[in-house]
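If you read the protein sequences in the order shown, they are chains W and D.
So for the first sequence, my numbering puts the first residue at 1; every next one is plus one.
So for the second sequence, my numbering puts the first residue at 1; every next one is plus one.
Bear in mind the hints are in silico, worked out from the structure with no lab data behind them.
All residues carry an ideal CB built from backbone N, CA and C; glycine is no exception.
Don't take every hint at face value.
Distance condition first, Cα-Cα at most 30 Å in a straight line; then the derived BS3-like pairs of lysine-lysine [what the hints assert, rightly or not]:
1. W:Lys97 - D:Lys228
2. D:Lys86 - W:Lys169
3. D:Lys228 - D:Lys166
4. D:Lys166 - D:Lys83
5. W:Lys97 - D:Lys166
6. D:Lys83 - W:Lys169
Example chain D residues on the side facing chain W (calculated, C-beta under 8 Å, incomplete) [said to hold, decoys possible]:
7. Val27
8. Asp36
9. His40
10. Val85
11. Lys86
12. Ile91
13. Thr215
14. Asn255
15. Ala261
16. Ser262
17. Phe268
18. Ser349
19. Gln351
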Amino acid sequence: MDLLGLLHDLFFDYTLRTVALGVGVLGIVSGALGSFAMLRRQSLLGDAISHAALPGVVLAFMLTGSKSPIVLLLGAAVAGLVSTLIMIGINRYTRIKEDSALGIILSVFFGFGLLLLTFLQRNPDARQAGLNKFLFGQAATLLVEDVLVMSAFGGLALLLMLLFWKEFKLLTFDRDFGASLGYPMTLIEILVTILLVIAIVIGLQAVGVVLMSAMVVAPAAAARQWTNRLSLMVALASLFGALAGVSGALISSTGAGLSTGPVIVLCASAIVIISLLLAPNRGLLWHWLARLQNRRRLQTEQVLSNLYLLASQHAEPTYPHAAAALQVMGAKPESVLQSLKALAAEGFVQQAQNSHWALTPTGTQRAEQLVRQRNGA
Amino acid sequence: MTSLQIEIQLIASVVAIACALPGVFLVLRQMAMMSDAISHTVLLGIVIMFFLVGSLESPLLIVGATIMGVITVSLVEVLNRTKLVKQDAAIALVFPALFSVAVILISRFARGVHLDVDAVLLGELAFAPFDRLAFFGLDLPRALVVMGIVLAINITFIVLFFKELKLATFDSGLAAALGFSPALIHYGLMASVSITAVGAFDAVGSILVVALMVTPAAAAYLLTNDLKRMLWLSAVIGVISALGGYWMARWLDANIAGSMASITGLVFLIIFLGAPERGIIAVALRRSRQRWDFAQSMLTIHLLQHEGKPEAERESRSDHLVEHLRWLPDHAEKVIRYAERKGMIRRQSGQLLLTDAGRTLARQAMVH
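Based on the provided sequences and hints, a complete structural model is requested.
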């Protein structure tokens with residue numbers, strides 16, 4: 001299918017439009033709230049919460065018998081929140097570290113959810129079809145009703161984030177300062193966690209338990225590379241999240257056997273890789289280029305000062321010397337010619353005859369300057 | 001019990017011990033979540049190896065999965081070393097991506113092959129005894145043979161390198177200074193976690209791998225300060241959870257792995273609450289006792305200061321404490337009763353008098 005056809009479908013194909021809208025909303029919300037989690041070094045909290053939501057979903061269904069998205073989401077949210085509070089408790093009251101607490105909560109809650117789910121499955125009165133969606137996510141089955149619920153919860157979460165922007169910023173960057181100003185930092189922390197829980201549970205249906213953690217962290221990690229400002233980062237993370245969601249939905253609509261969740265995660269990962277490589281200032285590619293340039297410059301300067309050293313053995317400073325002699329003096333003989341050409345381009349040296357090179361007067365000055373700098377330092 | 005039931009319980013116990021041993025080091029080295037990452041990405045190793053050798057039975061699959069586990073760890077470290085993302089974010093970026101690749105490869109190129117994602121994540125121990133192979137002339141379940149070998153490898157690794165593991169875990173700087181390579185130990189441990197994860201997830205699923213690696217070890221960590229004892233305890237807790245989980249699953253007719261994970265959680269909860277020194281209840285009791293002891297010391301010091309002085313009669317009346325020590329009347333009464341019970345003071349016609357023990361306590365408290 002060509003790109004135009006895809007775009008056409010995006011706007012006019014009912015199912016695809018619904019799915020794309022759903023995962024787009026999810027990307028925006030999880031990108032924005034994931035930023036706070038990532039900056040607060042709680043990237044793996046998303047993983048734990050998404051797993052811990054499973055028993056909540058199943059229990060909500062068992063208690064109400066309803067499969068409406070709003071009931072299941074509420075169940076998931078309650079379980080996610082309870083799990084987070086237990087995690088904080090384990091952390092605070094024992095010597096068990098955060099990573100172990102996360103692992104315990106994640107696996108035990110998920111195992112318990114699985115126990116309930118299979119228990120339910122074998123009970124002929126209550127078919128649990130539809131609950132499985134929460135395990136692996138089936139974006140393709142998103143209905144307009146689901147998208148509406150997702151948008152309502154997500155919109156509420158974003159609104160609260162904007163309302164408490166200043167408080168969240170304080171919590172993220174200088175919790176103690178916030179406490180000294182009299183802000184109830186523990187309450188703010190709980191609020192931020194509740195919002196993260198909301199962001200995660202609205203995504204479970206679309207991408208599933210395992211991959212939801214990537215939707216929390218990947219857009220935020222990508223956005224972090226482009227800016228040092230929180231507001232810009234949150235906006236960018238939302239954008240990246242939506243981009244990953246919609247492009248993932250589009251790509252998976254083209255091929256059979258491409259489930260949406262994994263494709264969305266790979267799109268998000270691609271955005272992360274591009275950001276890590278290309279982002280201005282922090283990008284790895286620029287660092288490598290800068291290092292390469294630096295190394296070249298040092299080599300070239302070395303060749304120039306070597307030539308100066310040779311020339312100083314003679315009465316006239318512009319006495320030509322064989323490139324081979326310079327090659328013997330350096331650690332990297334193969335790069336000497338390259339350096340000589342670079343120096344010639346700057347007018348510091350000139351080629352005398354066949355492979356002999358001589359300093360120009362400006363080259364002599366430059367070399368003297370370099371030697372002085374080096375001795376001075 | 002039928003031989004089928006015994007076999008399932010045997011497999012579950014062997015898996016539990018095999019997971020608990022490397023789990024102890026993960027918990028101590030604060031790398032518990034690495035088990036989560038590895039137990040997911042080994043799937044990619046299995047898929048790639050399956051495409052290369054074309055069979056799901058080949059032992060090369062385990063080799064491929066183990067290598068993928070180690071690759072996962074090194075990818076996390078490479079990302080972490082760029083300093084562009086923190087370690088927790090690096091884990092959360094790497095493993096969902098690799099897992100997604102695996103899921104896509106399976107759904108696109110390996111449809112119909114017995115390699116489905118549900119089974120990998122959730123496992124179904126109940127079916128494990130039906131997959132059998134001949135091992136030295138014995139007809140045994142494949143999972144039991146595989147996990148028995150994995151357990152043997154883990155035990156050998158820990159016994160041979162116990163000193164190195166201990167040193168690298170508690171003081172990696174010293175380990176490096178003494179010429180042991182912490183990196184080598186680190187990757188050895190990660191290889192052990194990977195091989196355990198891949199061996200186990202066939203039978204119990206990747207989530208239970210995390211439950212069995214982290215939860216018993218964390219519970220054991222609350223019970224002891226001794227590494228060897230911690231290894232033993234977490235193995236025992238693992239086996240208890242395995243057996244308890246099996247019987248609960250039978251009783252409820254539910255998934256065994258989920259039931260085992262729930263029981264590990266239950267055991268952890270019991271230890272979390274009731275551990276003799278570090279349990280919540282013990283800590284709360286100790287704190288409250290300390291508070292009363294402190295108040296009692298204050299009271300005896302106060303009485304000692306004024307004992308035998310002209311103002312003693314006024315100062316040693318119980319209602320005066322409210323004014324002088326700024327205690328609420330209720331609280332003052334409770335402290336007095338506590339001190340009375342401990343034999344530090346006695347009441348005589350509205351006056352509080354120190355006993356010999358009380359005097360000693362006050363003097364000691366003042367020296368401190």
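For each hint, the structure was consulted:
Distance check on the hinted pair: Lys97 (chain W) and Lys228 (chain D) sit about 20 Å apart at the alpha-carbon level, within 30 Å; holds. Between Lys86 (chain D) and Lys169 (chain W) the alpha-carbon distance is near 19 Å, which keeps this suggested pair within the 30 Å criterion. Of the supplied pair hints, the one linking Lys228 (chain D) and Lys166 (chain D) holds, its CA atoms being roughly 10 Å apart against a limit of 30 Å. A C-alpha spacing of about 28 Å is found between Lys166 (chain D) and Lys83 (chain D), which places the hinted pair at or below 30 Å, so the restraint holds.
Between Lys97 (chain W) and Lys166 (chain D) the CA atoms are separated by roughly 18 Å; this keeps the pair inside 30 Å, and the hint holds. About 22 Å separates the Cα atoms of Lys83 (chain D) and Lys169 (chain W), which keeps this hinted pair within 30 Å; it holds. Checking Val27 (chain D) against chain W by beta carbon gives a least distance of about 5 Å; that is within 8 Å, so the hint holds. Because the beta carbon of Asp36 (chain D) sits about 6 Å from the nearest beta carbon in chain W, less than 8 Å, this interface hint is met.
A least Cβ separation of about 7 Å between His40 (chain D) and chain W falls short of the 8 Å threshold, and the interface hint therefore holds. For the restraint placing Val85 (chain D) at the interface with chain W, the shortest Cβ-Cβ distance is roughly 5 Å, inside the 8 Å limit, so the hint holds. For the restraint placing Lys86 (chain D) at the interface with chain W, the shortest Cβ-Cβ distance is roughly 6 Å, inside the 8 Å limit, so the hint holds. Of the supplied interface hints, the one on Ile91 (chain D) holds, with its beta-carbon coming within about 6 Å of a beta-carbon of chain W, less than 8 Å.
A cut of 8 Å between beta carbons decides the hint on Thr215 (chain D): the least distance to chain W is about 5 Å, and the hint holds. At a threshold of 8 Å, the smallest CB-CB gap from Asn255 (chain D) to chain W is about 4 Å, leaving the interface hint in force. A least Cβ separation of about 2 Å between Ala261 (chain D) and chain W falls short of the 8 Å threshold, and the interface hint therefore holds. For the restraint placing Ser262 (chain D) at the interface with chain W, the shortest Cβ-Cβ distance is roughly 5 Å, inside the 8 Å limit, so the hint holds.
Given the 8 Å rule on beta carbons, the hint for Phe268 (chain D) holds: about 6 Å separates it from the nearest Cβ of chain W. The restraint placing Ser349 (chain D) at the interface with chain W is violated, with a minimum CB-CB distance near 46 Å, outside the 8 Å limit. Annotation: interface hint on Gln351 (chain D) violated; nearest CB of chain W at approximately 42 Å, more than 8 Å.
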